[in-house]
Amino acid sequence: MNPLSQSSRRITGGVLLGLLGAALAAVALVDVSPGHPVAQRAGSLVGPGGQAGTAGSSRLGLRLLREAAAAGVTTSYQGVQIVAWWGPHGASTSVVQVWHERDRSILAQVTDMGSVPSATRPEALAAGEQDPDGILGLSQQLLALMRANYEVGYAGPGSADNRQAQIVDLRRPDGSLAARFWLDSATKLPLRRETFDSRARMVSEDAFINLRIGDSGLRGMPVTDVRAWSSQLDSAQIVRLRAQGWPVPRLLPGNLLLVAAHQTVTAAGRVIDLDYSDGLSLVSIFLQRGQLPGALPGWQQTKLSGRTVYAADPDWRSLAWSARGFVYTVIAEAPATTIDQVVDALPHDAGPGFWGRIARGMRRLASWANPFR
Amino acid sequence: MTHLGHRLSALIDGELSHAERDRVLVHLVRCEPCRAEAVALRTLKRRMNALGGAAADSTLTHRLMGLALPGDPLVDTSAIREPGWFWPAAASGSPAGARELRPSRFVIAGCSAFLLVILGAAAFAAGGSSSQPAPQVTPAVDVFMVQHEIMTGVLPVTRPRPAPSAGKSAASHAP
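These protein sequences, in sequence, are chains L and F. First residue of the first sequence? That's 1 in the numbering used here, and the numbers climb one at a time after it. First residue of the second sequence? That's 1001 in the numbering used here, and the numbers climb one at a time after it.
Just chain L, same shape as in the assembly (with noise of 0.2 Å):
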């Protein structure tokens, strides 16, 4: 055989295995990105949850959560969270901290990301971007919601921030594992959460990466001014904003339950809030009278699930849209797809199309030739 034809063929032989060599370096790449491992993670996730479903790890696990909601009124901590999450279009990450006197609601200030380890993703908003969702955080209401939408099983003993804890699993009708939280064994706080959407995936990761426990580490706890806006609506009030053509759903996709609602009044008219949870998601929307001007500077227009959106985070938390006389702003942490089901359920302005233009322009045409209007 031709030497210069057994080299070449040995080139050309090194060069595929080269190639396929740097193909495979790059599916492990794509498989380790920032948005894939969630799904691995949540595979390996899957094996614990056997406990769950059985009515002893189902007590078990509702004692744990109403014992966690308890502490988390009645002790007094501070620390800092890790809170991250994965959107369909990026991710986030901020580094929050958190202060609880006892009885009071917790104070959160997210910190700037160069104290950020190196552990955490690189897709972290800059600090003036982030907020601080996500907060650990249990009360009753969210317990009662959790115990009506997920089977809540006890999974066993391990450790979070270096503390020993007792993990609980929710998981859906289906069986597939919807959140995780791991209590501290000795005051029963959330030290860590995870959200998982119904493919397995990620949504959220909430850490405590430092909690020190008791009153000590408030010192220096700073103040806020910020409240909730104190027009809270009752039913009867929420009936006539219904009867007032206020477009108010008792229920959206997700078995997202209608859980408060409140109104504010701005130079901009009035604005209600309405703030939907299934015990682990919240979504709240905001609806004031009126149309989005033509143009939105700082937001992106898209589409979610074929309805034109305006989105203003990169992760599409918050949305906006107008559609017959209001416009509408979500702001959710939910999964994606639950995301997907409130915007389409909510109402979209469809275009009259053509024979719907030509009658409304009859219409006109008829009243301007109107002399008697």
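None of these hints come from the bench; they were simulated from the model. Remember, predicted model here, so these are calculated numbers, not experimental data. Each hint should be verified, as a subset may be incorrect.
[To be verified] Non-contacting residues of chain F with respect to chain L, defined by C-beta distances greater than 12 Å in every case (computed): (1) V1024; (2) C1031; (3) E1032; (4) N1049; (5) E1149.
[To be verified] Have a look at the derived ranges for each label pair, beta carbon to beta carbon: (6) H1018/F <-> W368/L: 18 to 26 Å; (7) A260/L <-> I1118/F: 50 to 58 Å; (8) R363/L <-> A1109/F: 42 to 50 Å; (9) Q1136/F <-> W368/L: 23 to 31 Å; (10) D103/L <-> Q1136/F: 42 to 50 Å; (11) Q301/L <-> I1118/F: 34 to 42 Å; (12) R1105/F <-> P293/L: 38 to 46 Å; (13) P1135/F <-> Q301/L: 15 to 23 Å; (14) P1135/F <-> G298/L: 17 to 25 Å; (15) R363/L <-> T1059/F: 14 to 22 Å; (16) Q232/L <-> Q1136/F: 23 to 31 Å; (17) P1135/F <-> S230/L: 22 to 30 Å; (18) T308/L <-> R1105/F: 33 to 41 Å.
Where is the CB? At the ideal position from N, CA and C, for every residue including glycine.
Fit chain F to the known structure of chain L by using the hints.
Same frame as chain L, but now just chain F:
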């Protein structure tokens, strides 16, 4: 056998184009045998038609014959326009009236269609924008975000998010 072959029967059946028909007619004017065969074919066709089905109403027949008439002749065919030869005898007296009616119908139909198109275009243009003008509102997303966070049980101690610039004005209306 005539000089025209199958074109003669095509002429009788009205299947020739204008130009071809004119050429055949010119030939018929000059050729006695062909003209005789044309008469024979025409007679045969008329008799064949008379054999089948009920006789059509004469008025309808005249109208149909009038519609079937060719356009203005390119050559002078007056010499061969004799009843029983090419032009049907019953139709020979009426085509002028039928021709006078047709243009007026076309004009009416054309004008109506034109007006409809104009009206439709005007209606399409007039029906374009929303019929309910509403005030323009820019969502104060930073204010809404704080309220959303409070609903999660957390009071944020953080500087306001840099909301979209247009939202700043609306954001100033904090509760």
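### Query
Looking back at the hints listed earlier, which ones does the structure fail to meet?
5, 6, 8, 12, 15 and 18
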